[in-house]
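> The residues making up each chain are set out below.
There are 2 protein chains.
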Amino acid sequence: MAILLLVLDGLGDIRWEGKPTPLEEAHTPHMDRLAEKGAVGFHTTIGRGKVVGSDVGHLALFGYSLSHYPGRGPLEALGAGLELRPGEGAMRVNLATVEGGKVVDRRAGRPPTEVGKALEGLLTMEVDGFEFVYRHTTEHRGVLLIRGPGPVAEVEGNDPHREGLPYTYPRSQDKALEKALRKYLEKAHRLLEGAEVNRERAERGLKKANALLLRGFGRMKEVESFEEKHGIRGAAVAGGALYKGVARYVGLDVVEVEGATGDKNTDLEAKGRAAARLAGEYPFVFLHVKATDSFGHDGDYEGKKAFIEKVDRELMPLVEEAFSTIALTGDHSTPWALKGHSFHPVPLLIASKPCRRDRVKVFHEYACMEGGLGMMEAKDVLEVAKGLEGLQPKVGS
Amino acid sequence: MAILLLVLDGLGDIRWEGKPTPLEEAHTPHMDRLAEKGAVGFHTTIGRGKVVGSDVGHLALFGYSLSHYPGRGPLEALGAGLELRPGEGAMRVNLATVEGGKVVDRRAGRPPTEVGKALEGLLTMEVDGFEFVYRHTTEHRGVLLIRGPGPVAEVEGNDPHREGLPYTYPRSQDKALEKALRKYLEKAHRLLEGAEVNRERAERGLKKANALLLRGFGRMKEVESFEEKHGIRGAAVAGGALYKGVARYVGLDVVEVEGATGDKNTDLEAKGRAAARLAGEYPFVFLHVKATDSFGHDGDYEGKKAFIEKVDRELMPLVEEAFSTIALTGDHSTPWALKGHSFHPVPLLIASKPCRRDRVKVFHEYACMEGGLGMMEAKDVLEVAKGLEGLQPKVGS
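Residue numbers (our numbering), protein chains in the order written: chain X, 1 to 397; chain H, 1 to 397.
Rather than coming from a laboratory, the hints here were simulated on the basis of the structure.
Fair warning: there could be bad hints in the mix.
Because identical chains share one entry, a pair is satisfied inside a single copy or across any pair of copies.
Here are the simulated DSS-like cross-link-like pairs (lysine-lysine), alpha carbons at most 25 Å apart as the crow flies [stated by the list, open to error]:
hint : residue 1 : residue 2
1    : LYS379    : LYS394
2    : LYS179    : LYS361
3    : LYS339    : LYS386
4    : LYS361    : LYS394
5    : LYS353    : LYS221
6    : LYS386    : LYS19
7    : LYS221    : LYS394
8    : LYS19     : LYS361
9    : LYS117    : LYS183
All values reported here derive from a predicted model rather than from experimental measurement.
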């Protein structure tokens, strides 16, 4: 049998001005049945009061502490399918439009993904002993891998974070790297300017994707693998690059699922079927669903509620019998009324035959206050799941 | 808007021989309304089962661990208005009566504060390269600051802790300091013996305040300031020297309030008005009320209950609308039946618009068991308050 960790991104919410939470208001018979079979409570991500990004939240759910966080760059790069070795650097990239030395559009008019894909091949090169590898992801987004003769020094990005400011170059304590980066970006600008796809865009009155903006530098870290840490192999089903990246970072096998887009139109049934199939091959499966968080960021109460109902209807029936232990939770709270990540403890449901069922028979934030799990940190969720599966080695004798 | 941390010293209590707790029995409509608007639970100070002093309890509530505790001496000295630099030592002092080489009264007959104030000027001097600075506080109490050529070595005090024993001298590994301290105390004895105020006391048949008893040595530590740690400035309103001292130690601005005495007759309205006014200037205000603890130490059930009612009636209405987030708690429990500090988790109430309200609508120890906050450590109280104020930087991205 197997453990399912089902993460509905940004799930946690609060009652606001007379409205129940989206999870409370949503019609979720499958989740409620699971609550009846299990116990509920909260996890506090990395500690009471702390607000985390999805990357740190997921690392914590996989049992890793903040000291293992490599920064956003390497996780995005891994998610984009790049191979990174410890000491190599990675940054998040925007394709941007620069005119007359100024950043006139930080996202180059949000071109379709094909534009970036067509330009991708121009942007990988070696400069003065540094290797720069560009991989495009979606729309204006990409990642840059930086390999050097030794561990790559910290780089301060050149994204001005608003339009109309001069285009500048990244800074680093390593002056050789700083110089190489400048040469790389100047050459990239020339190559992009002359690229066929940009000439076509100019003819059609569209903004050229003619410059790179870098941010979110991080260095790949040596990290104990999920299997070394927990004694079991694991697989991951996720749409978004960041989630695939975090999964790869800890050594989960990322299984590509057609239709798993990481957005509001993701194919929940395809993801549920894939997870259920993996239950026969892996003792641990991580299944990620993104859109709950996106609706929270948008302040869309009805959207969040309806999407939770969709998960309950389309995904839950496919997994609820396939796993012997299910942990259903979020990676952080994204209350719709606050339109951003918050510190609020994240509702957590753990169901398994040998668990101590509590009296709570529904799954939502306020019912979780009455639950048997109480408050735990995210790093302990998998420990409890392993305990339920009989996978905890006895400490002592 | 701003955070209020309202500490009723030694608030926590227990049901005993059929009696409800003082907080449970007290008529507290304002605290109960706050409980209805917020969530309740407990903090366990520095961990389950631990018993703490008020100094350590407050440091924990400000988010500092035990490794930042400098000992009682420096905190009392800071509270008395002395300036201390890292490495300087401080000790708590009693003015005492010595006759025939014996300590006949450890408190010199509890003289009024004016006696000590009149003697204060005699007791600051330099001896063999060490500087001894005496500051009188109340009744028989004072503090001694010790400055040396380098960091001041640990000093073992000379307070015999009971009467009738010989007057001795403090010990130290630093023999130069030990010798200087002995010279200082001998000279202090001679000066006090000849002081006008002591001649008058002798004529009136009162005990002379003619010797110093030292205890509670501590060395000032370098500590990250409250603003560095939490990213916000803070102010403190307190009567007792120790509480002002702890507040100064972490870099809170201590605001003197006339009538704030730190005892049972303190002017609660003046303190409440001061705190409410500070809400407009500081994002964090610490408000300390001492007498709940004193009644607990005295075993005075009715006194503790009546004082809690007085806080509810006179202070609460002045602050409840002035702050966007209120954390109401104690620094430890002082059950009246035990007449001392205990390990019992301390009732905690946190109210703020974005908090998850629980179903509890009253504030006392046994209702807190049903609360939504569960058990948290004191160091996390401010983290949650910052989360409610949107003051937590996102960890990760």
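> When Cα atoms must be at most 25 Å apart, do LYS379 and LYS394 count as within-copy, between-copy, both, or neither?
Classified as both; 19 Å inside a copy, 18 Å across copies.
> Treating 25 Å as the Cα threshold, decide for LYS19 and LYS361: within, between, both or neither.
Result: close both inside a copy and across copies, 21 Å intra and 20 Å inter.
> If the cutoff is 25 Å on CA atoms, where do LYS117 and LYS183 land: within, between, both or neither? Let me know, please.
Within. Shortest intra-copy distance 22 Å satisfies the 25 Å Cα cut-off; inter-copy 73 Å does not.
> Pop the pair LYS339 and LYS386 into one bin, within, between, both or neither, using alpha-carbon distances up to 25 Å.
Only across copies: LYS339 and LYS386 sit 17 Å apart there, 34 Å inside one copy, limit 25 Å.
> Under a CA distance limit of 25 Å, which applies to LYS179 and LYS361: within one copy, between copies, both, or neither?
neither (61 Å within a copy, 64 Å between copies)
> Since the copies are identical, ignore which copy is meant and state whether LYS361 and LYS394 lie within 25 Å (CA to CA) inside a copy, between copies, both or neither.
neither (32 Å within a copy, 33 Å between copies)
> With 25 Å as the alpha-carbon cut-off, assign the pair LYS353 and LYS221 to within, between, both or neither.
neither (38 Å within a copy, 40 Å between copies)
> Between the shortest in-copy and the shortest cross-copy C-alpha distance, which are at most 25 Å for LYS221 and LYS394: within, between, both, or neither?
Only across copies: LYS221 and LYS394 sit 21 Å apart there, 30 Å inside one copy, limit 25 Å.
> At most 25 Å between C-alpha atoms: does LYS386 with LYS19 qualify within a copy, between copies, both, or neither?
Answer is between: at 24 Å across copies they meet the 25 Å cutoff, but 37 Å inside does not.
Hint compliance for this structure: hints 2, 4 and 5 are not met, and every other hint is.
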